[in-house]
Amino acid sequence: MPDHSFDDFVHAALPALGRYAYALTGERAAGEDLIQDTLVKVAGAWRRVHRDGSPLAYARTTMLNTYLSAWRIRRRRPASVPLEDDWPGPDAYGPVDVRDQLRRALDALPRAQRAVLVLGFLDDLSDEEIALMLDRRPATVRSLRHRGLAALRRQLDGDQVEGGPYARR
Amino acid sequence: MHDVERLLREELNRRSELPAPSAAAVVTAVHGLRHRRRVTAVAALCAVTVLATLAGTISALRPSASAPPAVPSPPPVGEVWLTLPPDVRFADADHGFALARSCSANLCQLYLAASADGGATWQRHPVPGETFPEEQRAGQVHLRVLGATKVALDAFDGTRRRFTADGGRTWTSPRVEPQGTVAEIPDGGLAEVRSNTGRPIDIVVLRPDGTSALLATPPLTKPLTSMWTNVLRGDDGSAWVYGGDDTRTWLWVSRDRGRTWRDVPLPGDAAGPGAGQGPHLEYGRIVYVVETFPKRRVWRSTDDGAHWADISRDLPPDPGGDAGLGAVVCFDGTLLVYEPMTGAVYRAMPSEARLGRVGDAPLWQRAGGRYLRGAGPKGSDGPYEHSPDGLTWTPLTL
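Protein chains in written order, with the working numbering: chain X, 1 to 169; chain S, 1001 to 1398.
Note that these hints are calculated values from the structure, not bench results.
All values reported here derive from a predicted model rather than from experimental measurement.
Idealized CB from N, CA, C, for every residue including glycine.
Accuracy of the hints is not assured; some may be wrong.
[What the hints assert, rightly or not] Going by beta-carbon spacing under 7 angstroms, a handful of chain X positions derived as facing chain S: (1) 4; (2) 7; (3) 11; (4) 19; (5) 23; (6) 26; (7) 32; (8) 40; (9) 43; (10) 48; (11) 110; (12) 134; (13) 152.
[What the hints assert, rightly or not] Simulated restraints on C-beta separations: (14) X:61 to S:1140: 36 to 42 angstroms; (15) S:1268 to X:61: 36 to 42 angstroms; (16) X:53 to S:1398: 45 to 51 angstroms; (17) X:50 to S:1025: 19 to 25 angstroms; (18) X:124 to S:1198: 23 to 29 angstroms; (19) X:4 to S:1272: 48 to 54 angstroms; (20) X:54 to S:1376: 51 to 57 angstroms.
[To be verified] To list a few chain X residues with every Cβ distance to chain S over 12 angstroms, as calculated: (21) 52; (22) 57; (23) 99; (24) 113; (25) 116; (26) 120; (27) 126; (28) 127; (29) 128; (30) 129; (31) 131.
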């Protein structure tokens, strides 16, 4: 009799995995690729994972490891570049939206910093929980979060246009 | 000051609220992918067994039997357009390649357009087996030009490679996975960085015959979390690896085809984590670093980073730090810098100690052996033109 437990797991876990994948990658297509890569790995170890009884936790950790292993996804998707790397054009006066700045800054963060921010700010996980998932020390997690936030803050505050809607107060 | 934590929480919540993909489609895709991998593994095992058994006889009868049979490109059908954004690269001033497409009924066939006359005329060859939905606008492959007639197209997902040694007339499908090691990056070869979680990087060499191997002596790095995927080749044959971790950024150079590597000290803030737009290495013997934040500075080194000269004294300041700068290194080592707020172009020839203003013009990009520019309202918009010298421009028309 065919085992449908993996298919059932995908149906049940997809919203949770999708939430993480989109938050990590920041775009739909890359997120779906990440989900698929993750599930292929989970499927390969399904008997053991199913027997151990925590497939969603296993899938989440697999997704983080897949995401942190930059090789495949970097090759698949062109990297988001800061504004100054774009081809220059005469209309460089366009309005700059803070959300767009945050998105670019977030996408430019090193993957480990981004993963820590996602786990901390999306699911409010503690440093110890994040450290366990990423196989790092809690102090490293704190350092990664601090550096990530500092980089975002620097980028956002540095990108404010004097007198514009996002001017310094 | 922004409330970064609140903005970040909002942004992550927005991202995570995207609707999940169809579970049925994901299940089908996962099973399909696993099935294909199993079939491929079994087929490869069978092939290895058969080859091992018959190798002696086959090599005696057909010395070239190890090369996979080349599939001829089918005749072109319908109108062929450049893929967008354009993926164009010239092996030299005469020989160039561009990815193109021809679409009907929402399905596009990928083409390789090849020119042997400096981009004046192009021959278009369909790439067997490479189709994609029309809304993608481009095939899911990297264009990797190895020489005047040799091109590899590597799938973004790393699962397949199409290779031509005759400008696109016939195609083979060599294995993508590296086989064995090589002592150096061969003449006519290319190389890519492969990151390894928690371990130093590897260098994967693409040989001129379309096969891959690991470089025996990659630079000894920390585990990198961000990097340039390509090992950049300077015009003088030097090879460069650029990347960093959460603490800093490094640049390595090899001047013996990858046998030995040296750490190149970076100037100013360029050695910090996630630093700027990266160095400009195209010329090889001269390295430029263009910094735009917190201060505009342009550095030049002619001794692999032992000394850096600040050549940016005449650049207008950018107090906000948000205007950016464009830059391109010309074939003679001259640096052109584009100031987007005024449209002004600044130039520093190798013999000049600093950048000086030379005019107002849109800047171009290097596309291998030629320059490429968009002639549309923005510098990145079509129609596109290419040039061997930045003076005379030829429309890129397939």
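We went through each hint and held it up to the structure:
For residue 4 of chain X, the interface hint is violated, the least distance from its beta-carbon to any beta-carbon of chain S being 10 angstroms, above 7 angstroms. Below 7 angstroms, beta-carbon pairs count as interface contacts, and residue 7 of chain X has one with chain S at about 5 angstroms; its hint therefore holds. Given the 7 angstroms rule on beta carbons, the hint for residue 11 of chain X holds: about 4 angstroms separates it from the nearest Cβ of chain S. Annotation: interface hint on residue 19 of chain X holds; nearest CB of chain S at approximately 4 angstroms, less than 7 angstroms.
Hint status for residue 23 of chain X relative to chain S: holds, with the closest Cβ pair at about 5 angstroms, below 7 angstroms. With a cut of 7 angstroms, the hint placing residue 26 of chain X at the interface with chain S holds, because the nearest CB-to-CB distance is about 6 angstroms. Satisfaction of the interface hint for residue 32 of chain X is found here, the shortest Cβ-Cβ separation to chain S being roughly 5 angstroms, below the 7 angstroms cut-off. Annotation: interface hint on residue 40 of chain X holds; nearest CB of chain S at approximately 5 angstroms, less than 7 angstroms.
Below 7 angstroms, beta-carbon pairs count as interface contacts, and residue 43 of chain X has one with chain S at about 6 angstroms; its hint therefore holds. About 16 angstroms separates the beta-carbon of residue 48 of chain X from the nearest beta-carbon of chain S, more than 7 angstroms, and the hint is not met. At a threshold of 7 angstroms, the smallest CB-CB gap from residue 110 of chain X to chain S is about 4 angstroms, leaving the interface hint in force. Interface restraint check: residue 134 of chain X against chain S, minimum CB-CB distance 11 angstroms, threshold 7 angstroms, status violated.
Hint on residue 152 of chain X holds. Least Cβ distance to chain S is approximately 5 angstroms, under the 7 angstroms limit. Between residue 61 of chain X and residue 1140 of chain S the beta carbon distance is about 28 angstroms. The supplied range of 36 to 42 angstroms is therefore violated. Judged by the Cβ atoms, the range 36 to 42 angstroms given for residue 1268 of chain S and residue 61 of chain X holds: they are separated by roughly 39 angstroms. The beta-carbon spacing between residue 53 of chain X and residue 1398 of chain S, approximately 58 angstroms, falls outside the hinted interval of 45 to 51 angstroms.
For residue 50 of chain X and residue 1025 of chain S, the hinted distance range of 19 to 25 angstroms is satisfied, since their beta carbons lie about 22 angstroms from each other. A hinted range of 23 to 29 angstroms holds for the C-beta pair residue 124 of chain X and residue 1198 of chain S, which are about 27 angstroms apart. For the pair residue 4 of chain X and residue 1272 of chain S, the supplied restraint of 48 to 54 angstroms holds, since their beta-carbon distance comes to about 52 angstroms. Between residue 54 of chain X and residue 1376 of chain S the beta carbons are some 54 angstroms apart, a value that agrees with the proposed interval 51 to 57 angstroms.
With a least beta-carbon separation of about 20 angstroms from chain S, residue 52 of chain X lies farther than 12 angstroms from that chain, consistent with its non-interface assignment. With a minimum CB-CB distance of about 18 angstroms to chain S, residue 57 of chain X clears the 12 angstroms threshold, and the non-interface call stands. Listed as outside the interface, residue 99 of chain X is inconsistent with that label: its C-beta sits roughly 7 angstroms from the nearest C-beta of chain S, within the 12 angstroms cut-off. With a cut of 12 angstroms on Cβ distances, residue 113 of chain X falls inside the contact zone with chain S, its closest approach being about 6 angstroms.
With a cut of 12 angstroms on Cβ distances, residue 116 of chain X falls inside the contact zone with chain S, its closest approach being about 10 angstroms. Residue 120 of chain X, annotated as away from the interface, has a beta carbon of chain S within 12 angstroms; the closest lies near 9 angstroms. No beta-carbon of chain S comes within 12 angstroms of the beta-carbon of residue 126 of chain X; the shortest separation is about 16 angstroms. With a least beta-carbon separation of about 15 angstroms from chain S, residue 127 of chain X lies farther than 12 angstroms from that chain, consistent with its non-interface assignment.
The Cβ of residue 128 of chain X sits about 20 angstroms from the closest Cβ of chain S, beyond the 12 angstroms cut-off, so the non-interface label holds. Listed as a non-interface residue, residue 129 of chain X keeps its Cβ farther than 12 angstroms from every Cβ of chain S; the least gap is roughly 17 angstroms. Every beta carbon of chain S lies more than 12 angstroms from that of residue 131 of chain X, the smallest distance being close to 15 angstroms; the non-interface claim holds.
Of the numbered hints stated above, those contradicted by the structure are hints 1, 10, 12, 14, 16, 23, 24, 25 and 26, listed in ascending order.
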